[in-house]
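Input sequences plus hints: build the corresponding full structure.
Below are the chains, spelled out letter by letter.
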Amino acid sequence: MKNAKEIIRVGLILFVITALSALLLAFVNKKTAPLIEENNRIKTENSMRTVLSDAESFEKLDFEGEGVVEAYAAKSGSDIVGVCVVTEANGYGGAIRVVTGVSADNKVTGIDILSHSETPGLGANATGDSFKSQYAGKAAGIGVSKGTAKDNEINAMSGATITSKAVTAAVNTALEAAGEILKEAK
Amino acid sequence: MKEIIIPVLIVGGLGLLFGLLLAFASYIFAVKQDDRVEKISKVLPGANCGACGYAGCAAYAAAVVENGAPVNACSVGKAAVAEKVADIMGVKAEAAAERVAHVKCRGTCENTTAKYDYVGVQDCTALSKLAGGQKHCRNACLGFGTCTTVCAFDAISVHDGVASVNEELCTGCGACMGVCPHHVIELIPKSAKVRVNCSNIEKGQSANRHCKASCIGCRMCEKVCESDAIHVSDNVASIDYSKCTFCGKCSEKCPKKVISIKDNLSSDE
Amino acid sequence: MIKEIISILIAALLTENFVMVKFYGICPFLGVSKKVETAVGMGMAVTFVMAIASMFTWLVNHFLLERFGLEYLQTIAFILIIAGLVQFVEMFVKKSLPALYNALGIYLPLITTNCAVLGVTLLNVQNGYGFIMSFLYGTFAALGFTLAIVLMAGIREFLDENSVVRSFRGFPIALITAGLMAVAFMGFSGFSI
Amino acid sequence: MKGTEIIKNGLLKENPTFVQLLGMCPTLAVTTSLKNGLGMGLSATAVLIASNVIISLLRKLIPDKIRIAAYIVIIATAVTLIQMALNAYLPDLAESLGIFIPLIVVNCIILARAESFASKNPVGKSALDGLGMGLGFTGALCIISVIREFFGAGTIWGIELYGNVIKPASIVILAPGGFIVLGLIIGAINAIVGKVGEKK
Numbered sequence: 138m139k140n141a142k143e144i145i146r147v148g149l150i151l152f153v154i155t156a157l158s159a160l161l162l163a164f165v166n167k168k169t170a171p172l173i174e175e176n177n178r179i180k181t182e183n184s185m186r187t188v189l190s191d192a193e194s195f196e197k198l199d200f201e202g203e204g205v206v207e208a209y210a211a212k213s214g215s216d217i218v219g220v221c222v223v224t225e226a227n228g229y230g231g232a233i234r235v236v237t238g239v240s241a242d243n244k245v246t247g248i249d250i251l252s253h254s255e256t257p258g259l260g261a262n263a264t265g266d267s268f269k270s271q272y273a274g275k276a277a278g279i280g281v282s283k284g285t286a287k288d289n290e291i292n293a294m295s296g297a298t299i300t301s302k303a304v305t306a307a308v309n310t311a312l313e314a315a316g317e318i319l320k321e322a323k
Numbered sequence: 004m005k006e007i008i009i010p011v012l013i014v015g016g017l018g019l020l021f022g023l024l025l026a027f028a029s030y031i032f033a034v035k036q037d038d039r040v041e042k043i044s045k046v047l048p049g050a051n052c053g054a055c056g057y058a059g060c061a062a063y064a065a066a067v068v069e070n071g072a073p074v075n076a077c078s079v080g081k082a083a084v085a086e087k088v089a090d091i092m093g094v095k096a097e098a099a100a101e102r103v104a105h106v107k108c109r110g111t112c113e114n115t116t117a118k119y120d121y122v123g124v125q126d127c128t129a130l131s132k133l134a135g136g137q138k139h140c141r142n143a144c145l146g147f148g149t150c151t152t153v154c155a156f157d158a159i160s161v162h163d164g165v166a167s168v169n170e171e172l173c174t175g176c177g178a179c180m181g182v183c184p185h186h187v188i189e190l191i192p193k194s195a196k197v198r199v200n201c202s203n204i205e206k207g208q209s210a211n212r213h214c215k216a217s218c219i220g221c222r223m224c225e226k227v228c229e230s231d232a233i234h235v236s237d238n239v240a241s242i243d244y245s246k247c248t249f250c251g252k253c254s255e256k257c258p259k260k261v262i263s264i265k266d267n268l269s270s271d272e
Numbered sequence: 007m008i009k010e011i012i013s014i015l016i017a018a019l020l021t022e023n024f025v026m027v028k029f030y031g032i033c034p035f036l037g038v039s040k041k042v043e044t045a046v047g048m049g050m051a052v053t054f055v056m057a058i059a060s061m062f063t064w065l066v067n068h069f070l071l072e073r074f075g076l077e078y079l080q081t082i083a084f085i086l087i088i089a090g091l092v093q094f095v096e097m098f099v100k101k102s103l104p105a106l107y108n109a110l111g112i113y114l115p116l117i118t119t120n121c122a123v124l125g126v127t128l129l130n131v132q133n134g135y136g137f138i139m140s141f142l143y144g145t146f147a148a149l150g151f152t153l154a155i156v157l158m159a160g161i162r163e164f165l166d167e168n169s170v171v172r173s174f175r176g177f178p179i180a181l182i183t184a185g186l187m188a189v190a191f192m193g194f195s196g197f198s199i
Numbered sequence: 074m075k076g077t078e079i080i081k082n083g084l085l086k087e088n089p090t091f092v093q094l095l096g097m098c099p100t101l102a103v104t105t106s107l108k109n110g111l112g113m114g115l116s117a118t119a120v121l122i123a124s125n126v127i128i129s130l131l132r133k134l135i136p137d138k139i140r141i142a143a144y145i146v147i148i149a150t151a152v153t154l155i156q157m158a159l160n161a162y163l164p165d166l167a168e169s170l171g172i173f174i175p176l177i178v179v180n181c182i183i184l185a186r187a188e189s190f191a192s193k194n195p196v197g198k199s200a201l202d203g204l205g206m207g208l209g210f211t212g213a214l215c216i217i218s219v220i221r222e223f224f225g226a227g228t229i230w231g232i233e234l235y236g237n238v239i240k241p242a243s244i245v246i247l248a249p250g251g252f253i254v255l256g257l258i259i260g261a262i263n264a265i266v267g268k269v270g271e272k273k
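Chains A, B, C and D supply the protein sequences, listed in that same order. The letter at position 30 of the first sequence is residue 167 when you use the working numbering, and the numbering goes up by one with no holes. The letter at position 257 of the second sequence is residue 260 when you use the working numbering, and the numbering goes up by one with no holes. The letter at position 127 of the third sequence is residue 133 when you use the working numbering, and the numbering goes up by one with no holes. The letter at position 64 of the fourth sequence is residue 137 when you use the working numbering, and the numbering goes up by one with no holes.
Calculated directly from the structure, the hints in this document are not laboratory data. Even glycine gets a Cβ: it sits at the ideal position worked out from N, Cα and C. Worth double-checking, as some hints may not be accurate.
[To be verified] Each computed DSSO-like pair below joins lysine-lysine, with the alpha-carbon atoms no more than 30 angstroms apart:
{"id": "1", "chain 1": "A", "residue 1": "LYS302", "chain 2": "D", "residue 2": "LYS198"}
{"id": "2", "chain 1": "A", "residue 1": "LYS287", "chain 2": "D", "residue 2": "LYS240"}
{"id": "3", "chain 1": "D", "residue 1": "LYS268", "chain 2": "B", "residue 2": "LYS193"}
{"id": "4", "chain 1": "D", "residue 1": "LYS108", "chain 2": "A", "residue 2": "LYS283"}
{"id": "5", "chain 1": "A", "residue 1": "LYS139", "chain 2": "A", "residue 2": "LYS244"}
{"id": "6", "chain 1": "C", "residue 1": "LYS100", "chain 2": "C", "residue 2": "LYS40"}
{"id": "7", "chain 1": "B", "residue 1": "LYS265", "chain 2": "B", "residue 2": "LYS206"}
{"id": "8", "chain 1": "B", "residue 1": "LYS45", "chain 2": "D", "residue 2": "LYS108"}
{"id": "9", "chain 1": "B", "residue 1": "LYS5", "chain 2": "A", "residue 2": "LYS168"}
{"id": "10", "chain 1": "D", "residue 1": "LYS268", "chain 2": "B", "residue 2": "LYS42"}
{"id": "11", "chain 1": "A", "residue 1": "LYS139", "chain 2": "C", "residue 2": "LYS40"}
{"id": "12", "chain 1": "B", "residue 1": "LYS87", "chain 2": "C", "residue 2": "LYS101"}
[Unchecked claim] Looking from chain D toward chain C, a few residues come up when the C-beta cut is under 8 angstroms (computed):
{"id": "13", "residue": "CYS98"}
{"id": "14", "residue": "ILE141"}
{"id": "15", "residue": "ILE145"}
{"id": "16", "residue": "ALA149"}
{"id": "17", "residue": "THR150"}
{"id": "18", "residue": "GLY227"}
{"id": "19", "residue": "GLY231"}
{"id": "20", "residue": "TYR235"}
{"id": "21", "residue": "PRO241"}
{"id": "22", "residue": "ALA242"}
{"id": "23", "residue": "SER243"}
{"id": "24", "residue": "VAL245"}
{"id": "25", "residue": "LEU255"}
{"id": "26", "residue": "GLY260"}
{"id": "27", "residue": "ASN263"}
In structure tokens, the structure reads:
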């Protein structure tokens, strides 16, 4: 019978440790979740401003789409100047969240990387302007080329083709979503 | 409040489940291992050199506990380890016969000459395949240092074409003995003052012709030894150290000075 | 469906080999690859843990975490499951295969922190694989790990330590060999069905 | 062992990266630039000290049967807490260190030190061991990342050196480069330590 008592004792010790850890985590998460939410919202707001500079305010739209996280109508005054779409795609190390600014005539005004877990020094270079600026002015269906980029194509980063393709996929998804939103708004 | 209780229940539940599972499993899989084996293997140096004759320290520890292997067999750990192992086993440890490697050859460049010029892999085994090596004497130390590569204690090195052992570093693990293609190295008690420095098995005059420092099998040492410790078998003398009293008479009588006394051994190096 | 399984198999074994391309599980990969038997033993232990872990973590994630929106608990829940499994495997191997247990030594408990095991469970969630797919990906990834570690053990056993410069023996030459193997595996990148 | 000896041990004699070859996953993946190497090293040191202290506090409580599960839960909790705190209160620091924190959970050094040191020694020594091992790890990471960044990207800490003049060998940053650079460094260290050993 001694064994049974021992087994229960060991089981309870692990229960106490895990329960305590979960309690701590839940408590800290409860306090930090709203803050993190707020930080993310500010960050998204800032990148949307950089991506679509001539918009003053961003109104969240309830738009559902495959790979689309959220979409905002970019307004200056009352008329819609463009659309900002936040999309996600799977890169080399994990999900990459991209915000794409789309002008009224369905062209990319600019993109920004909100979050990624790509390898530092390789995929992580996607956050650099030299890579992001390639998307400006492109229309839907952007291609990725390893050699010299033809029209509507961007140059993949050397050693990080998977990341380049993932970011491009995210931008294309955003362009399609923006197309639908702009069609409805007209 | 709900979103605190639920995680605690989920992760806590998982923890409890695994706690019970592991505790239960530990009884099913309880390994009846004698804790002395654990203690002994901790005390051993862990070099896994196999000098004690077992596959490694863990195997030696198990052998000591299960089938009573000698407590002082660890020649690397020497007396210190033997004591510790002894008191774990509750047995008295007699002084371990500390053993050292000894090269039975003095075929240096001036004592013997080369049959041919060898250009190829600098390895004794390779060289020994070519007519028994570069030196005229076919049992000589080949001098390419394969033994030095396997010695984990850097105790053996080649000087003037012949390997020689630094007895302070040598732990008697026997790795060099195993790898020497001509078996010129043997393990002898460290305290052995009298040593035979040749392993040439040829008859007198050809041995003489092949190397100035070779044993010609004249048996003078055998005649003069009172404790019947030294014998000549296939033309080379060898000492039975359990009988040898290190009186040194054989060394005086040996016409070719093949048998040396340890204290003058290091001087003539 | 079959095409998708084969493409995952090829990816896990070659193009995205867990050790050679994704850098997961290097500690045991270097530590245990001295002899082929221990490498195979380690491969089997990791395969068992990764296969079971992939299934178990998918169940826990689907029915418990996602239902209550507790994604932040993923790391701790998954690693708890893996640790439980590894300790179970450790006891099992200690009882029935003591020789393997001694050979693996510290590297058996270190399977818990083996990035490959936790990596595959998190990847299953991120790729949104179903129950069967998670199990398959876990097993294939483990086979990729085993392939790499056995190849490495084969090379290191064959590698004659004596021909290597004394200071490069052991881990340094193993690392350089692994680097050259990684170059070979880079040849597979971009290959897909 | 005295305090200073424990730290020297972690830094030199039993350096986790160069001698024990633990924590390889983050070491090879992250050392592509000095900034990342330092970031990873420091965050790993913080977690290592925290987990060593907690584990050595609880070492008498935790039965041997569930030691791995208990240790890893403690480590994972510590890491997740730090990650949450960073994201909430120091968003910009989290920005640069964000990617490294989850990697720490699977860093073998922490569990290895917990299992071989913290579970057998009092709190003071365990904290010192955590510090020593952490600094040893950070030092090693910095050495590797300086070399890989210089040859692979032509920059150090992001400052352009020769990148536009000669095309840097980007393979040094890729997977094979990591293995080979680390192998060469350990070989060199063995050679140097070997020489010093002989002279002593």
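Which numbered hints does this structure break? Hints 1, 5, 8, 10, 11, 18, 19, 20, 21, 22, 23, 24 are the ones this structure does not satisfy, whereas the remaining hints hold.
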